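There are 4 protein chains.
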Amino acid sequence: MAKKMKVAIFVEPGRIALDEKPIPEIGPLDALLRVTTTTICGTDVHIMKGEYPVASGLTIGHEPVGVIEKLGSAVTGYREGQRVIAGAITPSGWSNACLCGCGSQDGAGTKHGWKAIGGWKFGNTIDGCQAEYVLVPDAMANLAAVPDDLTDEEVLMCPDIMSTGFSGAERAGIQIGDSVAVFAQGPIGLCATVGAKLSGAATIIAVDRVEARFAISRKLGADHVVDFSKVDPVEEIMRITDGRGVDVAIEALGTQATFESALRVLRPGGTLSSLGVYSTDLKIPLGAFAAGLGDHTIVTSLCPGGKERMRRLMGIIQSGRVDLKPLVTHRFKLDDIVAAYDLFSHQRDGVLKVAITP
Amino acid sequence: MAKKMKVAIFVEPGRIALDEKPIPEIGPLDALLRVTTTTICGTDVHIMKGEYPVASGLTIGHEPVGVIEKLGSAVTGYREGQRVIAGAITPSGWSNACLCGCGSQDGAGTKHGWKAIGGWKFGNTIDGCQAEYVLVPDAMANLAAVPDDLTDEEVLMCPDIMSTGFSGAERAGIQIGDSVAVFAQGPIGLCATVGAKLSGAATIIAVDRVEARFAISRKLGADHVVDFSKVDPVEEIMRITDGRGVDVAIEALGTQATFESALRVLRPGGTLSSLGVYSTDLKIPLGAFAAGLGDHTIVTSLCPGGKERMRRLMGIIQSGRVDLKPLVTHRFKLDDIVAAYDLFSHQRDGVLKVAITP
Amino acid sequence: MAKKMKVAIFVEPGRIALDEKPIPEIGPLDALLRVTTTTICGTDVHIMKGEYPVASGLTIGHEPVGVIEKLGSAVTGYREGQRVIAGAITPSGWSNACLCGCGSQDGAGTKHGWKAIGGWKFGNTIDGCQAEYVLVPDAMANLAAVPDDLTDEEVLMCPDIMSTGFSGAERAGIQIGDSVAVFAQGPIGLCATVGAKLSGAATIIAVDRVEARFAISRKLGADHVVDFSKVDPVEEIMRITDGRGVDVAIEALGTQATFESALRVLRPGGTLSSLGVYSTDLKIPLGAFAAGLGDHTIVTSLCPGGKERMRRLMGIIQSGRVDLKPLVTHRFKLDDIVAAYDLFSHQRDGVLKVAITP
Amino acid sequence: MAKKMKVAIFVEPGRIALDEKPIPEIGPLDALLRVTTTTICGTDVHIMKGEYPVASGLTIGHEPVGVIEKLGSAVTGYREGQRVIAGAITPSGWSNACLCGCGSQDGAGTKHGWKAIGGWKFGNTIDGCQAEYVLVPDAMANLAAVPDDLTDEEVLMCPDIMSTGFSGAERAGIQIGDSVAVFAQGPIGLCATVGAKLSGAATIIAVDRVEARFAISRKLGADHVVDFSKVDPVEEIMRITDGRGVDVAIEALGTQATFESALRVLRPGGTLSSLGVYSTDLKIPLGAFAAGLGDHTIVTSLCPGGKERMRRLMGIIQSGRVDLKPLVTHRFKLDDIVAAYDLFSHQRDGVLKVAITP
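First to last, the sequence lines map onto chains A, B, C and D. Per numbering that gives the first Met the number 0, the first sequence starts with residue 0, numbered consecutively. Per numbering that gives the first Met the number 0, the second sequence starts with residue 0, numbered consecutively. Per numbering that gives the first Met the number 0, the third sequence starts with residue 0, numbered consecutively. Per numbering that gives the first Met the number 0, the fourth sequence starts with residue 0, numbered consecutively.
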């Protein structure tokens, strides 16, 4: 009889529960990880609320730090007991999407459906990692060894938050000297701020309304902070940029208001880089879009995954360029994950990210 | 007393009229062209209808072929009597926008207004070229000598149609082997089809409903034509691409329907390249946008201008790669321009482009 | 006792021989192909001559068309009996090199050695496909199904010649309207000419000295042919381009003379795209290099591989954009491969490529 | 009679002298600057030594900070008395080179000659700015207003050192997380180190042999310093990168040794970005070049100029991201420029850059 493990599952809109499942059998390309640390993502809250539909009973979570428990028969290059991470997105490496440089979309389903968006599998189309164990598909493409000098918490932002936030800056093609506005300063937005700083932006303007976040925004790279509950952010950004608008605007929330403001503050020829997960149709105002004649670029990004991405992100942490430890504000045992969701989803107590340890 | 010239002016919504104005005085950086051939653009029809506002009395038209009548005092490198073209968009060369590679947006006004969209000046913010004479600003950046072996009509598509249509393919970053759908096969869409072919697309799908255009679409590069009045173009394109969707979709009309269909047929990670001039807000459907997680890119382009662009476009015509002469279906004298607008705006008699000769 | 198969092996400099080996055992990620058609590459001639060292006894050849005989235990998505090709370069998909978009260099050895250059494995570091059977590593990343409407010979150029030749144009970033010179019009150079045409080059200048090749150069896209045995190719290209030089020069031979000429004909800011396999140190002349101040770019490319690349190349052949069948000038049985090498290496009888059928 | 001004001229190899010339007449597109601060470049030392030939009697120097004394008749958008800088390279804006995004090569002469390399005019093909006054060509494209809160010395590195050094990082396409080696840590190399840091490099390895420079290298972004007089820099860099090699190597000296080492430490697929001004032919060793199969990229850059570039560089200084004031180690009056050349050319007294004030 298969051994059991504790898991956090989606039950129905509004309810996440702790449950038990058998520890999974592994296929030839898989690895079984014993999860040592994981976290909760804003997307998990969307799932909990039923705003993003997944199957009832699915184990959720997509940000694993763990130890290799068992390797599939075809997996080479790793050893059991090795401490590793895997990205939230787990490209196979061998799909056509991967081989044309679009690994995040490996396994993307039909565009007309809703389920398999992008290549996001963990806690979306397969069981996730808010559990004692998690099965990592295509292990050789996805497992990245954690350097000995980094703790679990130090690499906990790599699988999703840091990879996604940075991609907002990367996909925008930020150049040295650019001005960049970042709309929303949750964990993703803060990492987008870091990404803009690392990319050479000379002026970074962070927009949010949570006073407590502005200090960390500034610490991570923002030159200006704009409280949209107090001033019109579009006017304020136009003022800061002497009417020029920004070269790049990063959307890091997933709402019409932030998307639209991001478009309105762009200079002609500028780029809107969107990271948010939207839950409604979007409107593009004619004027802000210059009637289609503004040489604008709008890009969306799904969190880049794969072991090379993880290796590079951990390298940045090792270099000391960035310190994301302040993002982990609370710690919970897996047994208490329902309480963790409660805190995190209500954004109580200044929470940014929680560390969950099984 | 200044000599007079005939001009076509915008009077009020619904009315273009032939009028007279003094031949303009030239400034040190300008050139005065005696227009030998010009044409009417779909955008001019928008102006005539009042859908795109310009000042009453403005001379319209932005596609000049002509002969240099007079050169500004600071202009070197040209001689009077030389046959030249200038692009629809006339970058100064020396503006900050030009110097950062965004010359089409040189002179773009406030994004919140409507008047000065992009760097489009001729027939928008300054007098245009549906006239006997036209003043070309920043002549050294904009006048391109026409090779002797090319006729006026052979280069008549360069200033706008060809430059804009090609930019739809160029801005999309088409790779050899890509599949590309082009929505609408008016003159711009046809040139986008040509641009996709020149960029190495292996499968080009042209969408329109005017049966007569499909023959020219095929001749200019389309592998498949889709009549959207007979089949659902999204379903048909998904069928043609075996459910994969296209790598690139080019929008060449400026409507919600074409924009939305272009988004729906994109593969995950694909690019929507928009050329149309819109006249309403746009809606981005959530599903087609993969909730923001599809690694999509949306780009808009304004017709690239400047003498180097013109030189290269004329070089392509000289090479024999492309024959756009079939696009000129009708010819009018400037005196008859009101009749030309009537024909062109009602798309009668299979008209694609008209040649106007003062 | 393992069944035997016929193979062509490298014996010692100057000698290729037909031999027998056991049909190989397959690992979990491999596929065993029964080779139906293959060919000889210029690089194989380098190997034969001892100019490019491989182990004695190695089966050579890296351009397989075949039928799946057996699939590894972890391989899914294919069926035995399926007709497929694999690229000359066989990226794993899961390596760090692959995951950062540099799949051709997957498995590249130390740069100081000579053996494992790039990710080239077939007939270099593992047994190749001039044999009755060949083992394809990382089958899921490498096997591309051949469409039913394409013959073996029609896809025979995909694994190397077409992929390499096209990459010369792709890596150079050719823009619509560019002028391009291609130095040498062997099979690779001819495919570079095709690649330049597909990329929108307006002027393609092909350089060689074999009169017979000029007709095919012209047919595949060259606007001008230059016989370097009769005129100085640098002077002639400067003349053709009115002293401007070319935007892109593609080197497709691998000699100092062609590399240097390619650099000399570049316009300031132009790109030299090098495809040749060199066998000596190269010299960069100071003047041609503008003392390092010319904003030049020099790129080298190793044949892109992987199933997506193969799928796209076959798609181009299906589209009818390109007809490379004229490149197959001779046909041999595997039993006669020594004669085929003799013909091919001496470039007798107007040979371009030979088809070898086991 | 024209008023006279003091100038530093090249007399003959080995000799720079202070002299007098008439203050120049200005043309319609020019501006006359009264120079307030300038500096000496390594290239000026090449000129002085006769290693880079210029006309005898030419005023040298190409890094001006000054005040507008007089504006040409066609120049608008500036006022006399305004404090400005101009880049070392002065693109016209209106040339074909500028209009295709290659402004640094505007005016580049024949590639076979030596004189007009790139678009470098000041102190190369026209009189330079080691003088009381300097004529700036194409003023509207080149004059950038200095923000009031920046001193002359704070912006003195913008015209050349910072623009060139940064371009080494920019042209290499450094990605967040890259490892970068910078060969030589003179002023240009130090700015390349800064540029690599601003571009998100996670590991920066600076190579030089002047112990005193290592402290500033570290301060400006180097994670590792390698003294090539004590260790083999190739071996040391391979050790630091665990045998992987670097993603990008920047050459900032202009010698065979540094060029070759830069190539040897590249990972397969890596980029060599060359900034140095060479004075001899270069050799590319076959092994380091992977016989042409390494997917390498080699780029050279000439200092980007133009007012938008200057505006952005000054913006970076204003942002506080970078403090280059420590590079100005010595100060001289124009009257003492011969002494300044003596100090600078012999690299005495820890000199990095000198400020010259007329």
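The set of hints was computed from the structure by calculation and includes no laboratory data. None of these values were measured; they are calculated from a predicted model. Where is the CB? At the ideal position from N, CA and C, for every residue including glycine. Misleading hints may appear alongside valid ones.
Stated by the list, open to error - Chain B stretches covered by chain D per the calculated footprint, using a threshold of three residues with CB under 8 Å from any CB of chain D:
1. 132-141
2. 146-157
3. 302-310
Comparing the hints with the structure gives:
Check result for the segment 132-141 of chain B against chain D: holds, 3 residues qualifying (beta carbon to beta carbon below 8 Å, three or more required). As drawn, the segment 146-157 of chain B meets chain D at 0 residues by the rule of a beta-carbon pair under 8 Å; below three, the given contact is violated. Coverage of the segment 302-310 of chain B by chain D holds in this model, with 5 residues showing a Cβ closer than 8 Å to a Cβ of that chain against a need of three.
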